[in-house]
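*Asks:* Protein chains in written order, with full-length UniProt numbering: chain A, 1 to 414; chain B, 1 to 414; chain C, 1 to 414; chain D, 1 to 414.
These are computed hints drawn from the structure, not numbers from a lab. Misleading hints may appear alongside valid ones.
[Stated by the list, open to error] Chain B stretches covered by chain D per the calculated footprint, using a threshold of three residues with CB under 8 Å from any CB of chain D:
#1 1 to 15
#2 26 to 39
[What the hints assert, rightly or not] Calculated lysine to aspartate or glutamate pairs in the EDC-like style (CA-CA distance at most 16 Å, straight line):
#3 C:Lys276 / D:Asp283
#4 C:Lys141 / C:Glu37
#5 C:Lys327 / D:Asp283
#6 A:Lys276 / B:Asp283
#7 B:Lys338 / B:Asp97
Glycine residues also receive a C-beta, built at the ideal position from the N, C-alpha and C atoms.
Below, each chain spelled out in residue letters.
4 protein chains.
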Amino acid sequence: MSTFGSSFRVTTYGESHCRSVGCIVDGVPPGLPLTEEDIQPQLSRRRPGQSALTTPRNEKDRVQIHSGTEFGYTLGTPVAMMVLNEDQRPHDYSEMDLYPRPSHADFTYLQKYGIKASSGGGRSSARETIGRVAAAGIAEKYLRMTHNTSFTAFVSSVGPIHLPLTQQPDSPEYMEFLSNLTREKVDSFLPVRCPDAEYNEKMGQLIAEYRDKKDSIGGTVTCVIRNVPVGLGEPCFDKLEAKLAHAMMSIPATKGFEIGSGFLGTEIPGSIHNDKFIPHPTDPTSLATATNYSGGIQGGISNGQNIYFKVAFKSPATIGVAQDTTKYNGQPGTLEAKGRHDPCVVPRAVPIVEAMAALVIMDALCLQQSREAARSALPRVAQPMGLKTKEVMDGSERTEEAEKKGQGVVFGDE
Amino acid sequence: MSTFGSSFRVTTYGESHCRSVGCIVDGVPPGLPLTEEDIQPQLSRRRPGQSALTTPRNEKDRVQIHSGTEFGYTLGTPVAMMVLNEDQRPHDYSEMDLYPRPSHADFTYLQKYGIKASSGGGRSSARETIGRVAAAGIAEKYLRMTHNTSFTAFVSSVGPIHLPLTQQPDSPEYMEFLSNLTREKVDSFLPVRCPDAEYNEKMGQLIAEYRDKKDSIGGTVTCVIRNVPVGLGEPCFDKLEAKLAHAMMSIPATKGFEIGSGFLGTEIPGSIHNDKFIPHPTDPTSLATATNYSGGIQGGISNGQNIYFKVAFKSPATIGVAQDTTKYNGQPGTLEAKGRHDPCVVPRAVPIVEAMAALVIMDALCLQQSREAARSALPRVAQPMGLKTKEVMDGSERTEEAEKKGQGVVFGDE
Amino acid sequence: MSTFGSSFRVTTYGESHCRSVGCIVDGVPPGLPLTEEDIQPQLSRRRPGQSALTTPRNEKDRVQIHSGTEFGYTLGTPVAMMVLNEDQRPHDYSEMDLYPRPSHADFTYLQKYGIKASSGGGRSSARETIGRVAAAGIAEKYLRMTHNTSFTAFVSSVGPIHLPLTQQPDSPEYMEFLSNLTREKVDSFLPVRCPDAEYNEKMGQLIAEYRDKKDSIGGTVTCVIRNVPVGLGEPCFDKLEAKLAHAMMSIPATKGFEIGSGFLGTEIPGSIHNDKFIPHPTDPTSLATATNYSGGIQGGISNGQNIYFKVAFKSPATIGVAQDTTKYNGQPGTLEAKGRHDPCVVPRAVPIVEAMAALVIMDALCLQQSREAARSALPRVAQPMGLKTKEVMDGSERTEEAEKKGQGVVFGDE
Amino acid sequence: MSTFGSSFRVTTYGESHCRSVGCIVDGVPPGLPLTEEDIQPQLSRRRPGQSALTTPRNEKDRVQIHSGTEFGYTLGTPVAMMVLNEDQRPHDYSEMDLYPRPSHADFTYLQKYGIKASSGGGRSSARETIGRVAAAGIAEKYLRMTHNTSFTAFVSSVGPIHLPLTQQPDSPEYMEFLSNLTREKVDSFLPVRCPDAEYNEKMGQLIAEYRDKKDSIGGTVTCVIRNVPVGLGEPCFDKLEAKLAHAMMSIPATKGFEIGSGFLGTEIPGSIHNDKFIPHPTDPTSLATATNYSGGIQGGISNGQNIYFKVAFKSPATIGVAQDTTKYNGQPGTLEAKGRHDPCVVPRAVPIVEAMAALVIMDALCLQQSREAARSALPRVAQPMGLKTKEVMDGSERTEEAEKKGQGVVFGDE
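Just chain A, same shape as in the assembly:
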């Protein structure tokens, strides 16, 4: 339905031509400094009309915070946010409305609900993502302030043109590239947002070609999440990669998701693909991995390495090219979309991918913090780290303190 997350929980609403679109965010940590200035930047990155390659409609999309903050701080109560729709009139019907648009949601929405919004795709419109991006602004701010976590996405392919690095899972150069990428750098490669001058140019040309043909083309967005705390993700069903996949595949027009080495990784033998452990470069009490085929998640749980994943977006369904198809009433006909349409969605998808990633990480953090708080109130249990032998676990090495408490094998430390 229209709610995502359990502890940090976002509920969105809004169609293309109703009064507004927006969200309610519940479970916001209290005491977070928050104003509309924290939310607006990603909404502005998301909106159309940023270049000749995206749709010209300029929606402005100014966010309003309606609740949950006072004097610039969150209260811990639900934060409601909204963006007014500029064009609030339902659509005027025309010849085009006799057709369910191919690969659009017209047919399935009508079948599912028995009624559908007059135009713009209603809830299947990309405009629905405004609520997600606004909500993620809160998550991002919190994660940045408390863990310096960052979410950086970029265009990794348009049609058959791929940024080569992104096809070399875990090459040291690729890992280095991901470690140093910033949004500023990505946005310096407008309009495509592929952070490589040569490929940004090639991809831009390809999109322009499809635009000129009134056709469209797909692509992929890759995202890296840095400074993720160890331990996020809730086995078995809510493994971190499962939640990320869910989140990404809920974005309109997505067709695929892969984490770390992904589909290419299936062809790499275990002896190479296994990420061997090394001492952690900065934390002597932890471990890191020498490679990162896993993409920062093992057993469904973050391991502290960079999380990176790729999302496939299909070629936009709205095209000016004439399409031989069938009307709702079963009669054949030819459909030709009017106006200008996005020939490729990936440049604008970049902040949406970042937003959904932030929602996933924030919710997972809240859940894990609850567990850590619960566990930290208990005496420590004897654990491996070189100590884990049958004898120890059997209790033959009881500590005096443990004996006193009557709580079995308890150690002051691991």
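Using the hints provided, position chains B, C and D relative to the given structure of chain A.
*Replies:* Using the frame of chain A, we list chains B, C and D on its own:
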């Protein structure tokens, strides 16, 4: 956590060496004929020891139904099912336990929970999937009886060897192949479960090579779901492909998911990739699509076409090859797994992929049936089908046809 | 948190002095005729300033529908509604702010969140209930159109003055009274909303006395739900009375809940308290009960009789009487609230109790409709109704049709 | 449905005559010492056959832990527990089965599910509560170890005989009585569990009278929760009293719930009923209240005082007295229950009430710990406690550190 689904809701439990593994299934339709014979077959397909290519351990895995049925019918109350673990002793510790196994969940489980099961990976073990497969037995039985829905998965690649058809999104031959595949056919290609004599053989040889090298290799499983009712999937966040992605990426060892044309589809222009509508071959009141790049889902909602998707599984992390890695205590060392291990998981993953797909479809069906029931208690609202004009929506233009059918385009009255 | 319900799901937001208060309602049946005119009446009944007995602030409280409808019909997508706050300025601080107000939420909110809204109680303010009442407008409209279900609450006591009938569980006169009550009748007894001239007058005088003393007094609200479909409620944890209790006790200032005969019923022997069955007066295929001590729910499931329950509301905590208490900083002091305050909340609580009841019934209906749809797709199972013998259930009386289908004991009809 | 709680989440299963009854508990804190010895005592207190006043059936009810622990500690993974049913045969049908038993769940279960368990009430049987009590054993152990929280319930009335103290809301004697009560003391007053020699005796006699008449009688159970951390409860919908009400009203045979002063409290003026603050007797940084009419919860959030509440249980529906009622088929008849039945459930309800209270508090604690962890990672926001003035909140007393961080008014400490 350990619950999946909202209306048809599965909660699983169990580690490798506790008393049992199993599940509670809530929201089971009452009056469904159900015995252990309905559940056992997929559990048997799932268990190891079916061939020289999979692990030799024969767990038997006989399911017991503990509640929720009487005289062979479900009561609508929770169905608890369990499979006893044959080996219920915790693990004897050894040198190997000083190491977090590379690309295993040892390190992350310990970090997350501050404690971990002595062996076998605990909840990260494939043995955890028994509860899922048992629960799916109920979903499959219901869906087969009521909608003739079928779930058929097969191995589409092992390492670099791909069944070529599966790399031709929406070629007519591939669509035909998916429409006719059966589990019986898939199982006639043991041990690999690639339903093509030539490729089954090639893949089997490749797996054997890796087994002999004490190494491992990954692969992909493709699944087709046939006879899915139109209208399943809950926008915006619970789009049907998002739930499928979530479900698949929650299976141990998965690295990627793609629906329909998937990643390859991003390279196909919209003018081709759009699935144009045609009159429905058997239902004159509905439409079908000429192609199926979408993989049976548009706007997050099933459109009645076959749903097909592909899941990537990594090379198993447990290998006999010596690995230079680091102990929990930060000291370097060389880890060499003993015993025989699965060199490739995809053959055994086939019934698990089918199971998770069945859980997703069943839950989505329950949600949509609720909506349809709610909506069908209301008078019909005027709808498009070639008639959708503002005037019509206002109710001023009744059609004769609508009058006759008492459905479809019906105005009249509230 | 701020979400209530699973299939029909309401999320509310808003404090007293933020921009607006409101809600998002997800799971709305598509095709329901709905405009703001359907929502406003209960909001108007709820707002303060309706008489000399309630607080003079006139909030106006005009609702806006922001999404989820088009041309006067619901789309099945989330319906967002809001009411602007007229006074959007945070509170000016004064001497009073040095005190946590006794029996208010000041202390607990601050302890819980580490921060609290400047005034008005934030989310603990009765203003928060606007979102609930707005959401319930949708539920009520749907239930009225499809099942003629009605929700009618009234004031049953103020302080020690009780409407005598409501203390006679299941007297025929009381049952008759509940069967015939309407909102119009209740509202003809303003300001107290006790639908009995004598007691309305007495209660009104008592409230006026407490108002004049700058003190406050509590009371109870009783609610009857008529035309509830049989079968609502989800054992074990979501029994219908459990959800009603949850809903009512989530209303600010509530202290108790009882269903049917309630606490008095504990003193009535089983031989009298048991509701014996009688043939249903209008439906020959069903049964009714001769008495209704159960309050329309047995085993957590509605039985088709009227549901009635009583809710206790405490004396309002904000009073003008001087109170010797303690400041946040631990120093003693005397607190005296300024301005005029509600001396008794029950008159205004009437529409809020109705609203929460409607949300519970609507959600329960959606869940049960899902089950009924699921079960109705299966062949009927042989059931009691005079036929339920061991032989029949064992299958020795298989029907031919059942044999053919291979589905065990199945009868054409019950 | 059959799941309760969100972070600490219990799912139960089982009917009277299936293989077993039990539960899966998800969200268990890892590292908790836990064996079956922790679970059994409350199960033994709950089971029938403890005295001449309760039903003679001795079910034994030995619990087995099936998962989630190793070497006596919880792993953080789901804990499955079960109790085998000794009598696993479905019921032999008889004349009695032609009748829906008055005030039982026979009629409503059949209407809801279209099928029902052969006997014993299926899921509506008190045997279903075994899973709840087992799950609560984990919650209680955790809360006792970490917060010394205790849950103590007792019988406060049988029929019209009330323990007088429990009708004097917040008399100092009653508060003292609640503060000192222990389970040991309660159990020293078997069979009734009313911890007062005189009233225990009177109540026992009354129950015996009803038993001898083959009739039944109701009563109330009161429960006190001590050492509850401040801050538990999730406004708006999941206020702590709302969750407690939900939990209690989900226990079979309950008819009412009241918190603190409850229904009697509605008759007490605000000037008395308000719980004035006093300096906390042991914690100089906090406050306590001089009285406790609120029952330990204000604004839906625990305030650190004792939580106490009362639950009404109806007279058991199964009685030997002949009842003139109607068969499923609409024919009149006389029903006479055979065998011996519980003439009053409240003595056995005591551990069930304690169990549900523990599940509520545990889940609320997990949620609040998550919030506290989230908030504690942020810089502190300036807060009242004697400091809260308009100037401070406006930022005119900014700290240097806050200035640097650009985060407004932030103090090192409150």
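*Asks:* Hint by hint, note whether the structure agrees.
*Replies:* Each hint, compared with the structure:
no. : hint                : verdict
1   : 1 to 15             : holds (count 9)
2   : 26 to 39            : holds (count 4)
3   : C:Lys276 / D:Asp283 : violated, 56 Å
4   : C:Lys141 / C:Glu37  : holds, 11 Å
5   : C:Lys327 / D:Asp283 : holds, 15 Å
6   : A:Lys276 / B:Asp283 : violated, 56 Å
7   : B:Lys338 / B:Asp97  : holds, 12 Å
Hints 3 and 6, counting from the list given before, are not met by this structure.
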